[in-house]
Every structure is written in C-alpha cells, then in structure tokens.
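Asks: These are the residues of each chain, in order.
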Amino acid sequence: MVLTHTTNHTYSHPFPTVTLAYFLRYCSPKLNPFAAHVLSTDTIEQRVDPATGRLHTTRLHLKKSRLPPAVFKLLPVSITGGGAPDKASYVLETSVVDMREGWMTTESRNLNFVGVLSVVEKQTYTLPEASSPKTGGTTDVETSVVFKSRLGERIRDKLGEKAQQHVQEDGWLARFGSRGIQRTIESLASTKTQDQLGKSREGMSMILERLRHTGIIGVLEHRRAASAPTTK
Amino acid sequence: MSQSLAKECNEAKERYDTCFLKWYSEKYLRGIGSLENNECSELFKQYSKCLQGPLKERGIDKMLVEAREDNKENDALYLGRKK
Numbered sequence: 009m010v011l012t013h014t015t016n017h018t019y020s021h022p023f024p025t026v027t028l029a030y031f032l033r034y035c036s037p038k039l040n041p042f043a044a045h046v047l048s049t050d051t052i053e054q055r056v057d058p059a060t061g062r063l064h065t066t067r068l069h070l071k072k073s074r075l076p077p078a079v080f081k082l083l084p085v086s087i088t089g090g091g092a093p094d095k096a097s098y099v100l101e102t103s104v105v106d107m108r109e110g111w112m113t114t115e116s117r118n119l120n121f122v123g124v125l126s127v128v129e130k131q132t133y134t135l136p137e138a139s140s141p142k143t144g145g146t147t148d149v150e151t152s153v154v155f156k157s158r159l160g161e162r163i164r165d166k167l168g169e170k171a172q173q174h175v176q177e178d179g180w181l182a183r184f185g186s187r188g189i190q191r192t193i194e195s196l197a198s199t200k201t202q203d204q205l206g207k208s209r210e211g212m213s214m215i216l217e218r219l220r221h222t223g224i225i226g227v228l229e230h231r232r233a234a235s236a237p238t239t240k
Numbered sequence: 450m451s452q453s454l455a456k457e458c459n460e461a462k463e464r465y466d467t468c469f470l471k472w473y474s475e476k477y478l479r480g481i482g483s484l485e486n487n488e489c490s491e492l493f494k495q496y497s498k499c500l501q502g503p504l505k506e507r508g509i510d511k512m513l514v515e516a517r518e519d520n521k522e523n524d525a526l527y528l529g530r531k532k
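Line by line, the protein sequences give chains Z and A.
The opening residue of the first sequence carries number 9 in the working numbering; numbering runs sequentially from there.
The opening residue of the second sequence carries number 450 in the working numbering; numbering runs sequentially from there.
One should not assume that every hint holds.
Residues from chain Z that face chain A, not an exhaustive set, calculated with beta carbons under 7 angstroms [said to hold, decoys possible]:
1. Asp50
2. Leu196
3. Ile224
Hints were generated in silico from the structure; no laboratory data involved.
In this text, a Cβ means the ideal position worked out from N, Cα and C, and glycines have one as well.
The whole structure should be built from the sequences, with the hints applied where relevant.
Replies: Structure (structure tokens):
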C-alpha cells in the first residue's frame with residue numbers, strides 16, 4: 009500500500025541562498041522554531057565530485073517521534089516494544105547540489121519504524137524557467153512524499169491466510185483488519201505531513217529572511233550565541 | 450548547529466560545521482574551490498572519527514546498510530531499472 013503526495017512552492021530568494029538555508033535549517037530552534045523537535049544533526053559524509061563539481065552530502069538527524077498516539081495504540085506490542093509513543097526516530101538525509109546547472113535534489117527517509125511506516129520525502133530545487141519574468145531572485149521546489157506501510161504484510165503473516173480472510177469479509181470489522189490499519193496509518197501520516205510541509209517551508213523562510221538581513225556571518229554569530237551554555 | 454547525537458563529538462562537529470558553512474557560502478556557491486584537501490578536510494576527519502563509535506553503538510551503521518538496500522529495491526520497483 010503506497011500513498012504519494014506532491015506539492016510545489018516558490019521561495020522569493022535566489023537559488024544559492026536557498027541551498028544554504030537548507031543546510032542551516034536545523035541549526036538551532038532559535039533560528040528556526042519549527043525545528044525544535046530535531047534533537048541532533050550529524051554529517052556522515054560530504055564530498056565534491058571533481059568531474060561534475062556536485063556536492064554530495066549525507067546527514068543523520070534524530071527527531072522526536074511524531075508517530076500519532078492514535079496510530080501507536082493500533083500497533084502490536086511486538087512492533088512498539090511496549091514503549092511510550094515518544095521514541096526518537098532517525099532520519100537519513102542525502103542531497104546533491106549542482107551549482108553549474110543550478111539544481112539541488114534531496115531525499116529524507118526514516119531509518120527506524122520502517123516496518124510500521126516508511127516515509128520518503130524527495131525534493132528538487134531549481135532555478136525558475138528562463139522564460140519566466142522573475143528570474144534570478146526566486147527558486148522553485150517540488151516536494152513529493154511517499155508513504156508506505158508494510159504493517160499489513162507482517163500482520164497477515166502472523167494471522168495466517170484464513171484468519172485474514174475472515175477479518176476482511178466482515179464489513180465494519182474490516183476497517184480494523186491489517187489493510188485497514190495500513191491505510192489508516194498512511195492517511196494519518198499524510199495528513200500530518202501536509203501540516204509539517206507547511207511548517208518546514210515557514211522554517212526555511214525564516215532562515216532565508218535572516219540570511220537576507222544579516223548574511224551568513226550574522227547567522228554563524230547567532231549560532232554561537234544560541235549554543236552558549238544557558239542556565240536551565 | 451544543533452547537537453551531535455554523541456555529546457563528546459559536539460565540539461568537533463561545531464568546528465567542522467562552521468568551516469563547512471563558510472566554505473560553502475564563500476567558495477562553493479561562487480563556483481570556486483573543491484572540498485578536497487581544503488581547510489575543512491582535517492576537521493571532518495576528526496569529527497568523523499569521533500562519530501564512528503557512537504554510530505556503531507546505536508546500531509546506526511546497520512540501519513544505514515538496510516536503508517541503502519531498501520533504496521535499491523524501491524528504485525527498481527517504482528522507477529524501473531535505473532543505473
């Protein structure tokens with residue numbers, strides 16, 4: 009069972025700045041309050057391909073799990089481990105920036121909980137069409153998110169074919185059968201993601217505005233101030 | 450720049466991130482300089498070395514391998530044979 013969700017957006021900022029903002033977006037919750045759920049960010053790999061000049065980056069983020077409690081309760085203990093719904097999720101982010109041709113592609117996917125729900129978000133940032141009246145000052149981005157839940161398969165294996173059939177035949181009970189749960193998980197995740205994509209965009213916009221006003225040095229200074237020890 | 454998943458690597462990470470961001474905005478975005486043998490390479494080596502242990506401890510290296518395999522499977526399934 010797969011659900012795909014695609015959106016398009018245009019930032020009123022030049023392409024190079026948008027790519028910089030992408031790398032900065034989890035910098036600090038003070039810079040981007042919409043990223044407060046990000047617990048850590050690490051760069052695992054980073055290199056420039058000498059032939060193409062492209063920058064390849066792999067990062068690992070740790071985020072507070074936003075698996076909806078409603079979904080969590082539907083899951084068997086064998087999958088959740090009987091824990092609380094606030095387990096952290098690991099997200100792998102890979103990106104390629106091509107400054108010569110003027111594009112960037114990114115992909116983010118969760119590394120754990122994939123048995124329950126796999127979410128793969130892909131984005132392509134590009135310069136606007138040459139024929140468009142607004143060139144040089146804007147950046148287009150297309151985002152597609154693919155939700156895949158394999159929960160049904162695992163439950164099916166456990167229940168066995170016969171039991172599965174019985175569950176599907178009965179009208180209202182079918183909603184709680186494995187396919188029903190799978191669909192529910194995917195559609196809940198999809199709805200949440202629409203909100204989340206909006207927040208991601210707002211976060212990016214905040215960083216872009218700050219870059220416009222203070223430049224990268226200003227942002228780096230802010231980071232230093234933000235990470236200074238505070239009394240808690 | 451946010452924290453590292455391993456507290457002991459925060460400093461190394463901070464140094465690398467600052468170096469990378471400066472290099473990225475001042476050089477790469479203007480079409481100059483490669484990441485090879487530049488001022489940030491040494492910092493990245495130190496940071497990377499620090500992360501090795503914690504990544505293994507948390508089983509992330511295994512998750513990365515699984516994700517890459519899953520990636521290939523998905524691409525083959527949804528995009529048709531590519532690469």
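Asks: Could you tell me which of the hints above the structure violates, numbers in ascending order?
Replies: Per hint list: single violation, 2.
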